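K.L.:
As given, the protein sequences belong to chains D and X, one line each in that order. Here my numbering is used: the first residue of the first sequence is 1, the next is one more, and so on. Here my numbering is used: the first residue of the second sequence is 1001, the next is one more, and so on.
Calculated directly from the structure, the hints in this document are not laboratory data. There may be inaccurate statements among the hints.
[What the hints assert, rightly or not] Some chain D residues close to chain X (C-beta under 7 angstroms, calculated; not the full set):
hint, residue
1, Met1
2, Gln206
3, His247
4, Ala265
5, Arg269
6, Gly321
7, Gly328
Since the model is a prediction, treat every value here as computed from it, not as a measurement. Beta carbons: idealized from backbone N, C-alpha and C, even for Gly.
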Amino acid sequence: MNELQTILSDSVNGLLAERVTKTLVQKAEEGEFPAALWNEAEANGLTRVLVPEADGGAGGTWADAAIVLKAAGEHVAPLPLADALLANWFLATAGIEVPEGVTTLLDGDFTLDGGKLSGEASRVSFGRNARYGVAIAKGVVVLVSLDGAEIEHGINVAREPRDRVVLRGAAATAKKAPLPANAMRLYGALIRACQMAGALGYLSSQSVAYANERTQFGKPIGKFQAIQQQLAVLSTQAAACGVITDHACAQADKRGHDAVFEIAAAKIRVDDASSIATSIAHQVHGAIGFTYEHGLHFATRRLWSWRAEFGAGREWAEELGRETIAAGAGALWPRVTAR
Amino acid sequence: MQPFRFDLCELPGETEGLREEIRAFLAEELPRIPKATRAQTWSGSDAAFSRKMGAKGWIGMTWPKQYGGHERSFFDRYVMLEEMLAAGAPVGAHWIGDRQSGPLLLRFGTEEQRRKILPRVAKGECYFCIGMSEPDSGSDLAATRTRADKVDGGYKVNGTKLWTSGAHTAHYMIGLFRTNLDPQNKHAGLTQFLVDLKNTDGITIRPIKDLAGNAHFNEVVFQDAFVPDGMMVGTEGGGWGQVTAELAFERSGPERYLSSFLLMVEMIRELEKRGGAEGACEIGRLVAHLVTLRQMSLSVAGMLEKGENPALEASVVKDLGAIFEQDMPVRAHELLGIEPMVGEGSDYEQVLGYLTQTVPSFSLRGGTREILRGIIARGLGLR
Chain D
1 MNELQTILSD SVNGLLAERV TKTLVQKAEE GEFPAALWNE AEANGLTRVL VPEADGGAGG
61 TWADAAIVLK AAGEHVAPLP LADALLANWF LATAGIEVPE GVTTLLDGDF TLDGGKLSGE
121 ASRVSFGRNA RYGVAIAKGV VVLVSLDGAE IEHGINVARE PRDRVVLRGA AATAKKAPLP
181 ANAMRLYGAL IRACQMAGAL GYLSSQSVAY ANERTQFGKP IGKFQAIQQQ LAVLSTQAAA
241 CGVITDHACA QADKRGHDAV FEIAAAKIRV DDASSIATSI AHQVHGAIGF TYEHGLHFAT
301 RRLWSWRAEF GAGREWAEEL GRETIAAGAG ALWPRVTAR
Chain X
1001 MQPFRFDLCE LPGETEGLRE EIRAFLAEEL PRIPKATRAQ TWSGSDAAFS RKMGAKGWIG
1061 MTWPKQYGGH ERSFFDRYVM LEEMLAAGAP VGAHWIGDRQ SGPLLLRFGT EEQRRKILPR
1121 VAKGECYFCI GMSEPDSGSD LAATRTRADK VDGGYKVNGT KLWTSGAHTA HYMIGLFRTN
1181 LDPQNKHAGL TQFLVDLKNT DGITIRPIKD LAGNAHFNEV VFQDAFVPDG MMVGTEGGGW
1241 GQVTAELAFE RSGPERYLSS FLLMVEMIRE LEKRGGAEGA CEIGRLVAHL VTLRQMSLSV
1301 AGMLEKGENP ALEASVVKDL GAIFEQDMPV RAHELLGIEP MVGEGSDYEQ VLGYLTQTVP
1361 SFSLRGGTRE ILRGIIARGL GLR
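Just chain D, same shape as in the assembly (with noise of 0.2 angstroms):
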């Protein structure tokens, strides 16, 4: 790690696991959203990770905003951090002023006319709780402020605000930017599988840890090889889902928005990671896993809901597989080499 990722990553685990406690997560999930969390979070920078210095951020690259969305993944932090961290980027992309205060994604469809916004986004990210939104309306970049949006509340299985936003004719900040046409799908994508991966990365350190504490038959069950066994597969799942997004990241500060190979196979990979984590996660846990009381399940049903957003592995896969067959069987390895 470089020097500003040991600082982002000291930064956001410290806090994250200081001030994320079942609590918090539990409270979040009531409909108490964490706002002093955020605050905290937006006063040391780690939603502007993207954002050149000379705009206010930490001038950072996608290796180093993989530090913070992995820590929000693993931590299980109950904010749009991710989401707020990408809506940034965007903005800095189109030379927007980043605003202060809690800011979504609006992923939906948007007409821009005379500087006002109208249009919809379904299953926005902490929509009720965001004071800015960033949609992006046929090549622009374009701020709101939700104040006054019609919002319409809906959750996702862990219990995550996903809302509907109506916005009609609200005055916006919009900037051209040079995104490609799915930038909010393919960028989301990268932001959820980075989550994944470090929500992965918290099941197997979580279930290898309850394995040693856990004791049946006079020893912990960690002990037994039929665990051993399973928890191995978990952890190299895990493992495989941090190289495939660090490796996404890296390809993104390399080459822009042509990583969509590398991104579109690492949301495939973690997709398929966390079925089977999941799974091994909730075995090795036993009943008490599966109680509302544990907190395994904050990790899990994050992993069950962010999967399918913004493309579930399925979907990318059915574009990567098409475009391989497309190129052709002797295409396939040289493809894979030269990137």
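Put chain X on the given structure of chain D with help from the hints.
P.N.:
Chain X only, in chain D's frame:
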């Protein structure tokens, strides 16, 4: 905290020239070889091909020049390996000598052993096999019973090695023999020897047909076979530690995820003919797993280049890699439903025929799945 370290590793740009050179060579050499034969890749033995590779300087690439090596980087070697495997080059004859016996001799061998043997290995003329497993010693390697008893000027070897790949074509075996038995410590008293298979009396090599009818592994029986003192590798009783170091090389390469790659290529060729989106989802998933495994494998190569010991990470990649390789014929069957064939049929059918029958060995050879997961569990702090 994960106990593994997988730092990203990007191949240096200068390896691309070598990659192009290898591709041009393979484009000349491979079309004459049937796809079903190419599917064997590093299990397929072709002495003429190995000599051509030796002449190109692609064996012993990282070794010192004084022993016939070429003092190139581990990254150059990695590029060579992955290009050979992906194309299905018959690299089996020299594979073990290049991958592990040569490096073993460089590290633990005597000066005379190195000077006498390594240049021939690098030329693609001298092949190795590994004498580890025995009838009663498979995953439990420390149960090795083949004895090497001290006699005047050397050792008398008695016992049986089993599943010895390539013993019938190899010039030398690196054998793990028991020179001392301490019932309290099975790991002690094991010693590695260089055995000249072509010029030693008392050695009987009997090929064992595998389930597909191919004979690439063997039973090797030693009856009072004399091995001179000068053929001991490393220290007497130091065999266990040396073997453990060797296994890191054995488990760390790209052959641990690319063994079924030819089938993936042929699957895509079949789907190309069908047109449309059929199988796109399945192929996309395989590509995602392939790309992930390559990055993990490269990360291990990066650790080797830095002189670190990636034994644990290599076990992770080998376990995931074997799942990927073994999954390939399953996916092919689900997707295309075409019967695997032997000796006749299309390239796809024959590659499928070979791999369908061979993939069960992928999680057995070089350490079973269960042993690898035991190593990983130890790394996790469970054992």
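K.L.:
For every hint, state whether the structure bears it out.
P.N.:
Hint by hint, here is what the structure shows:
1. Met1: violated (10 angstroms)
2. Gln206: violated (11 angstroms)
3. His247: holds (5 angstroms)
4. Ala265: holds (4 angstroms)
5. Arg269: At about 5 angstroms, which falls below the 7 angstroms cut-off, the nearest Cβ of chain X leaves the hint on Arg269 (chain D) intact, so it holds.
6. Gly321: Holds: closest Cβ of chain X sits about 3 angstroms from Gly321 (chain D), inside 7 angstroms.
7. Gly328: holds (6 angstroms)
When each numbered hint is compared with the structure, violations occur for hints 1, 2.
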